[in-house]
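Novice: Below, each chain spelled out in residue letters.
Protein chains: 2
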Amino acid sequence: MTAAPGKLYLIPVALGSEDVSAVLGSAALRVLPDLRHFIAENPRTARRFLKAAGYPHALTGAEIRTLDEHTAAAELPRLLAPLLEGADCGLLSEAGCPAVADPGAALVRLAHGHGIRVVPLIGPSSVLLALMASGMNGQRFAFHGYLPVDKTERRKKLLALETLSAQQDATQIFIEAPYRNQALLQAVLETCNADTLLCLATDITLESEMIHTRTIAAWRKKPPDINRRPTVFLLYRVRNLSDLCPTNS
Amino acid sequence: MTAAPGKLYLIPVALGSEDVSAVLGSAALRVLPDLRHFIAENPRTARRFLKAAGYPHALTGAEIRTLDEHTAAAELPRLLAPLLEGADCGLLSEAGCPAVADPGAALVRLAHGHGIRVVPLIGPSSVLLALMASGMNGQRFAFHGYLPVDKTERRKKLLALETLSAQQDATQIFIEAPYRNQALLQAVLETCNADTLLCLATDITLESEMIHTRTIAAWRKKPPDINRRPTVFLLYRVRNLSDLCPTNS
Chain A
1 MTAAPGKLYL IPVALGSEDV SAVLGSAALR VLPDLRHFIA ENPRTARRFL
51 KAAGYPHALT GAEIRTLDEH TAAAELPRLL APLLEGADCG LLSEAGCPAV
101 ADPGAALVRL AHGHGIRVVP LIGPSSVLLA LMASGMNGQR FAFHGYLPVD
151 KTERRKKLLA LETLSAQQDA TQIFIEAPYR NQALLQAVLE TCNADTLLCL
201 ATDITLESEM IHTRTIAAWR KKPPDINRRP TVFLLYRVRN LSDLCPTNS
Chain B
1 MTAAPGKLYL IPVALGSEDV SAVLGSAALR VLPDLRHFIA ENPRTARRFL
51 KAAGYPHALT GAEIRTLDEH TAAAELPRLL APLLEGADCG LLSEAGCPAV
101 ADPGAALVRL AHGHGIRVVP LIGPSSVLLA LMASGMNGQR FAFHGYLPVD
151 KTERRKKLLA LETLSAQQDA TQIFIEAPYR NQALLQAVLE TCNADTLLCL
201 ATDITLESEM IHTRTIAAWR KKPPDINRRP TVFLLYRVRN LSDLCPTNS
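Chains as they are written, first to last, in the numbering used here: chain A, 1 to 249; chain B, 1 to 249.
Only chain A is shown next, with the shape it has when bound in the complex (with noise of 0.2 Å):
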């Protein structure tokens, strides 16, 4: 363990089309012919992922381990170890940005307690396309991953929420597994205000992709139907509302 530590580089994967070079720039397409370790959320999506990136390598020969919501915290030190023999590595989500809405940023803790150096590439995140093409405010918000499931909790959290983006201006990003993405509207649309806006965010980035900034109001007239496709959803309360949303809201 003399070698100075590996690089531990963060690549995102495009988010379920196969045309990587269309979502990648050249330096993190320039940085995977280097790597033979990689870590992954579902080794098959890596293969799948590195295959369509022209990965020149034959894929028995990368190591690809897993780190998913199964793995205990005891097990990341494992998963360090061909850094600190001096490797640089590759972290891979399921789809988007790695360490942001998936386990991999409690290994990115434990690569910085170690003094391996850590290097994001960019590439998509649904969250922030999402925030970018809402319209909603950009310079304050929050995310907050899965609301509660239970209905009388995530009901609460919904009025919580609006509250909150009112009082803050910030606007409130969340999401759901693609199967319950249609209770989680109904839901919204029951229990928010008329006049608050709704962004659905949905397929980015695919050629169904479907972005739409509305009022509730104007939802409740014709809820779209976005059962099992990825969805986002942004909420935003702003107080002057007839200033920017002259027609359609």
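These are calculated hints, taken from the structure and not from any lab test. The C-beta atom is built at its ideal place from N, Cα and C for all residues, glycine as well. Please note: incorrect hints may appear among the correct ones.
Stated by the list, open to error - Using C-beta positions, here's what the derived DEER-type ranges look like:
1) H70(B) / D169(A): 13 to 21 Å
2) A177(A) / Y179(B): 44 to 52 Å
3) P178(A) / L189(B): 37 to 45 Å
4) R44(B) / D68(A): 40 to 48 Å
5) P178(A) / R44(B): 42 to 50 Å
6) A177(A) / A160(B): 47 to 55 Å
7) H57(B) / Q168(A): 27 to 35 Å
8) R44(B) / K51(A): 37 to 45 Å
9) H114(A) / A160(B): 43 to 51 Å
10) E94(B) / N193(A): 40 to 48 Å
Stated by the list, open to error - Simulated crosslink set (DSS-like; lysine-lysine; CA at most 30 Å straight-line):
11) K156(A) / K151(B)
12) K156(B) / K221(A)
13) K51(B) / K7(B)
14) K157(B) / K156(A)
Start from chain A and add chain B according to the hints.
Specialist: Coordinates of chain B only, in the frame set by chain A:
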């Protein structure tokens, strides 16, 4: 105004480096040649970016209108005019992703109100790259923009963010004008608890990139020079710190 409206493309700009193809994927680069209308925070930066991105037309023929902090809400409809007449349009920030930490969000919101399709393109966001590389909680986080400049107010805000982070298990992210970075760093080191984690993400994507997550105690021993270097600040107060940061913290 009988034509279908054009699309509003949200085009990320490199964070200070000139190598545009390193940071943008081909999906973003392919869009540029078809655009003749741009809205930019700073037209000079926008021209430099377009040139570096290999924009194939004379820049004198491209229309670049300004949308910055001085643009009044009443001027926004004028900026949308080409879109309503059917032309596609590109929105560019000074650096990073438009409509996140810049004045573009109001225009995007207005575009939704007019039924204009908004297409976010993938590129660098210093806030998101910093969050990925910090190793802090990426499943729950909040971005606060700039903190108060007044010393007493800033101290109060920092204490509130630290408490919030521990209560909600959420990463707290903020920025400062680069010439005030050193003063903000000093305030953080004086105000926060010794075992709170601070990530400083400086010069992201540049050769001089420097990203470290350490305890306040560790930073106090050797505060870095971040004067006039673009830096994202991230605070995180974990409960069981000893589990995850065995050394160097």
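Novice: Next, verify each hint and record whether it holds.
Specialist: Hints, one by one, checked against the model:
1. H70(B) / D169(A): 13 to 21 Å: With a Cβ separation near 20 Å, H70(B) and D169(A) satisfy 13 to 21 Å, so the hint holds.
2. A177(A) / Y179(B): 44 to 52 Å: Hint holds: Cβ distance 45 Å, inside 44 to 52 Å.
3. P178(A) / L189(B): 37 to 45 Å: At 43 Å between Cβs, range holds.
4. R44(B) / D68(A): 40 to 48 Å: Given about 47 Å between the Cβ atoms, the range holds.
5. P178(A) / R44(B): 42 to 50 Å: 43 Å, holds
6. A177(A) / A160(B): 47 to 55 Å: 32 Å, violated
7. H57(B) / Q168(A): 27 to 35 Å: Given range 27 to 35 Å: violated, Cβ gap about 43 Å.
8. R44(B) / K51(A): 37 to 45 Å: 42 Å, holds
9. H114(A) / A160(B): 43 to 51 Å: Since the Cβ atoms of H114(A) and A160(B) sit about 32 Å apart, the hinted range of 43 to 51 Å is violated.
10. E94(B) / N193(A): 40 to 48 Å: Given a distance of about 34 Å, which is not inside 40 to 48 Å, the answer is violated.
11. K156(A) / K151(B): Violated, at roughly 36 Å.
12. K156(B) / K221(A): 44 Å, violated
13. K51(B) / K7(B): 22 Å, holds
14. K157(B) / K156(A): 26 Å, holds
Checked against the numbered hints listed earlier, the structure breaks hints 6, 7, 9, 10, 11, 12; every other hint is satisfied.
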